[in-house]
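Participant: Read top to bottom, the protein sequences are chains C and D.
Under the numbering used here, the first sequence has 209 at position 209, and the numbering climbs by one with no breaks.
Under the numbering used here, the second sequence has 497 at position 86, and the numbering climbs by one with no breaks.
FYI, nobody ran anything at the bench for these hints, they're computed from the structure.
Any given hint might turn out to be false.
Unchecked claim - In silico DSBU-like pairs for lysine-lysine, Cα to Cα no more than 35 angstroms straight-line:
| # | chain 1 | residue 1 | chain 2 | residue 2 |
| --- | --- | --- | --- | --- |
| 1 | C | K20 | D | K519 |
| 2 | D | K469 | C | K20 |
| 3 | C | K20 | D | K536 |
| 4 | C | K20 | C | K198 |
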Amino acid sequence: MTKVRVAQLSCGPEYSGVQKEIDEAAAAVDAEIFYPDINLADIRRGSNEFGLDVRSADLKLAIARGKALVEGRVEADAVFIATCFRCAEAAIVRNELRRYIHENSRLPVVSYSFTERTTAGTLLTRMEALTTIARRRALLAREVQEGTTLGVDSGSSTTKAVVMIDNEIAGTGWLPTTAVMKSAQDVIARALDEAGVKMADVEAIGTTGYGRFLVGKEIKADLIQEELTVNSKGAVYLADTQHGPSTVIDIGGMDNKAISVQDGIPGSFTMGGICAGASGRFLEMTAKRLGVDITELGPLAMKGTSGNVPMNSYCIVFGTQSLVNALAAGSTPEDVAAAACHSVAEQVFEQQLQEVDIKEPVIMVGGTSLIQGLVRAMGDLLQSTVVVPHHSQYIGAVGSALLASGFIKGE
Amino acid sequence: MAKVFIYPATSLILSDLVARFGHTPLSAAIQIRERIQTPGLDSPPLQITPEEPKKGLKYAAVEVPSGVRGRMSLYGPMIEEAEAAIIINDADYAFGCMGCARTNELIKFLVRSSDIPVLDLNYPKNEEEGEEFVAAIHAFLKRLEESR
Chain C
1 MTKVRVAQLS
11 CGPEYSGVQK
21 EIDEAAAAVD
31 AEIFYPDINL
41 ADIRRGSNEF
51 GLDVRSADLK
61 LAIARGKALV
71 EGRVEADAVF
81 IATCFRCAEA
91 AIVRNELRRY
101 IHENSRLPVV
111 SYSFTERTTA
121 GTLLTRMEAL
131 TTIARRRALL
141 AREVQEGTTL
151 GVDSGSSTTK
161 AVVMIDNEIA
171 GTGWLPTTAV
181 MKSAQDVIAR
191 ALDEAGVKMA
201 DVEAIGTTGY
211 GRFLVGKEIK
221 ADLIQEELTV
231 NSKGAVYLAD
241 TQHGPSTVID
251 IGGMDNKAIS
261 VQDGIPGSFT
271 MGGICAGASG
281 RFLEMTAKRL
291 GVDITELGPL
301 AMKGTSGNVP
311 MNSYCIVFGT
321 QSLVNALAAG
331 STPEDVAAAA
341 CHSVAEQVFE
351 QQLQEVDIKE
361 PVIMVGGTSL
371 IQGLVRAMGD
381 LLQSTVVVPH
391 HSQYIGAVGS
401 ALLASGFIKG
411 E
Chain D
412 MAKVFIYPAT
422 SLILSDLVAR
432 FGHTPLSAAI
442 QIRERIQTPG
452 LDSPPLQITP
462 EEPKKGLKYA
472 AVEVPSGVRG
482 RMSLYGPMIE
492 EAEAAIIIND
502 ADYAFGCMGC
512 ARTNELIKFL
522 VRSSDIPVLD
532 LNYPKNEEEG
542 EEFVAAIHAF
552 LKRLEESR
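One chain only, chain C, in its complex shape (with noise of 0.2 angstroms):
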């Protein structure tokens, strides 16, 4: 298989340390990080012509490299950005940067901040997704599922699985993810037998989610993908807006993903997973603290409202705790739902949002996309009706599924 060449547009890995572990992360995936090669003039010029007056010279060099690649002198199969947390002026360049590739070329692009604790692992996914989009357009392009096929989500929080045949989902299973493979085995028996097919009838697998590899391997999956590029390709099958621009938000339980879509590809992408309190174990806690189950607290948000709870902190710790001060203050459980809802949404809005094109439709899926309140919270923020599809809990398997479904005829 050919190396997948991933241009390096950065400002401050080697001295953060990191390099080596974007390095460790391409390798994995089996792609090579390169620096586009320009001289000193060149960087004068591509930064001039760009416009943005930066001062660092290493972000001017990270400019004239970007302007190189939408020039087309120097060639890759996909840029990675990379600069340092917390430095402002890097921010500009990486979000300006990343849209006028994403504009201007067909070069699937990602932007990262590091700081000097980031990891191969933590780089992983992204530059899988990288890689994916750079190789499998065409398996990516795939818009009708054929056969019978199985796809399975292994999640952080639950693992799903879906069962497709000819175009329709006939199969499903949902279960809290516990033991990866017991839980994967679980889920995939209650699709299969909703479906009324046996293993041996099914002709195609694929695998998405955390314990991709591993439930992948087991099973003998035919396709073992990243959750960006199989969400994306789920997201826009189930909205049915496979052609044109799409924005597909995913809030997972251990991290979100934000994803600009073109024709059922995405073009750009971020993916947050530090903090809890973005993600839907904010809401699992929420639930808890109320009484209630997860399945409830949607509804429940929908009755409150946010603005009735001061929320001090977006932190999973003393965010629940002003919850359980509005609770003793006299709140409603509705408001204090609704805040939670609030919370996460606001956090996904500021973080994850602001680093990819907001282009409606703006479809909502995963788990979390079944708590209305969340979805209403996110829609208030973008000030768009957000779509959720049906079956939006299974979009992982939905689309490996579907994409697992060009591995019939060999694609």
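Using the hints provided, position chain D relative to the given structure of chain C.
Facilitator: Coordinates of chain D only, in the frame set by chain C:
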């Protein structure tokens, strides 16, 4: 013979001038090349580990970007060791440059606020300024030599 910190620390010309006058240049052993094939303009020759940004906490707090702290772990001790310094502002990249503007600001501030002789010059824009520039550096280095 004095230990002279130079800014930009990557300037081979400046480093060479200091050495010619018998002083010890405190600089980075990095050359800015016409073609850039490394992640940054002043990519370090050695692999820096995540420990360096932690050592840099001596010079910049944790809310300062890790790249600044990593650079300061190298240049901070040089500034502490320096007995004199030459700062060239707005130099041409080919003369020598350092990739991070925030680090540059901090380095120049630390040098200017330390109790050592500092020559602070702007990079020349024409031949006449060029002659004055070289003469000023010569005079500074000579004075350093004489004062010792």
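Participant: So, for every hint listed, does it hold in this structure?
Facilitator: A quick look at each hint next to the structure:
| no. | hint | in the structure |
| --- | --- | --- |
| 1 | C:K20 to D:K519 | holds (29 angstroms) |
| 2 | D:K469 to C:K20 | holds (24 angstroms) |
| 3 | C:K20 to D:K536 | violated (40 angstroms) |
| 4 | C:K20 to C:K198 | violated (46 angstroms) |
The structure does not agree with the numbered hints 3 and 4 stated previously, though it agrees with the rest.
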